[in-house]
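Chemist: Residue numbers (this note's numbering), protein chains in the order written: chain A, 12 to 120; chain B, 1094 to 1298.
One or more hints might be untrue.
[As the list claims (entries may be wrong)] List time: in silico DSSO-like cross-link candidates among lysine-lysine, alpha-carbon distance up to 27 Å:
no., chain 1, residue 1, chain 2, residue 2
1, A, 46, A, 105
2, B, 1263, A, 72
3, B, 1118, A, 72
4, B, 1187, B, 1118
5, B, 1263, B, 1187
6, B, 1263, B, 1184
[Stated by the list, open to error] Every beta carbon over 10 Å from chain B, so not counted as near; a handful from chain A, in silico:
no., residue
7, 43
8, 45
9, 48
10, 54
11, 72
Hints in this document: simulated from the structure, not taken from any laboratory.
Built from N, CA and C at the ideal position, the CB exists for glycine as well.
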Amino acid sequence: MATTEHKHPNYMAIFWYLAILTVVEIAVIYMPFGKFTIGVLLCALALGKAALVAMYFMHLKFETRTLGMVAITPLLIATLLVFVLLPDGFAVMKRTVGVKAATTEPAKH
Amino acid sequence: MSQAAAMHGAVEPAESPLTPESWGKLGMWIFLAGDAVGFGTLLAGYGAMRATSADWPSPYEVLGINLTALMTFLLICSSVTMVKALEWLGKGDKIRAQKFLFYTALGGAIFVSLQAYEWTHLIHRGLHINGNPWGASLFGTSFFLVTGFHGLHVTGGVLYLLSILRVVAKRPQPAASYNAVEIAGLYWHFVDLVWIMVFTFMYLL
Chain A
12 MATTEHKHPN YMAIFWYLAI LTVVEIAVIY MPFGKFTIGV LLCALALGKA ALVAMYFMHL
72 KFETRTLGMV AITPLLIATL LVFVLLPDGF AVMKRTVGVK AATTEPAKH
Chain B
1094 MSQAAAMHGA VEPAESPLTP ESWGKLGMWI FLAGDAVGFG TLLAGYGAMR ATSADWPSPY
1154 EVLGINLTAL MTFLLICSSV TMVKALEWLG KGDKIRAQKF LFYTALGGAI FVSLQAYEWT
1214 HLIHRGLHIN GNPWGASLFG TSFFLVTGFH GLHVTGGVLY LLSILRVVAK RPQPAASYNA
1274 VEIAGLYWHF VDLVWIMVFT FMYLL
């Protein structure tokens, strides 16, 4: 059996990137940004961390392109699912917008 | 190459087209892709429930993120010990590889213990699967469902790692267990990757 070994990347560097990104994530939620900006930033940071784990720890960077496509498919399906669920979400939001304002107002003091 | 694989060479390709090292690796990737769809569905469903809820509590105020941040860090560390185990095995150092595999399993076990502690704490404060004092009942339902599903993966991963540790210990040649460790590593890093997503979407966002 031919054991083709991968070139091992600098794992400690990846570890530090992941640790720093985690600290940045926690810092972001205390930033004086809008909810939307924080959401976008957190999603981007999480995807960045996930990409680092997949590319270097799971060695996807050193595999064939087709295997990368196998790996990325679930993300595409999940993203698609979000868009499929969005219309219903907006419809309910429109109906409950009054309720939402009423329930969240007293909490903010 | 095994004799069986050589015999079947005429009817099916002897080498996996995507992962020439082993079929097992391709199998694990396909399993993980399927599992990822499962987690993706859970998280997308969580997002939909939250977006349509009128009184969804603020997760980081209810759940607290200090302990969870520590758990995230722990899982990242265990991913590093996992790649280190593979690296040492590749260099032919069986003893160091076994040591790092053990650290990885230990990290996973501590993670599950911390999660059990967190759950107990939250249940005492009133977060239940069918209701909570802060708002939408589905908040508790989805929290226990998603973190529980992930916790089961970690528990399974710890058992998997311990069995692979036995494989490494039993085989005299370090190279003979390289594939098994690499495949186990794929699973373990996947569990770490999913936690990165869960931590972001269920705790921080």
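Chemist: What hint numbers does the structure not satisfy?
Modeler: 2, 10
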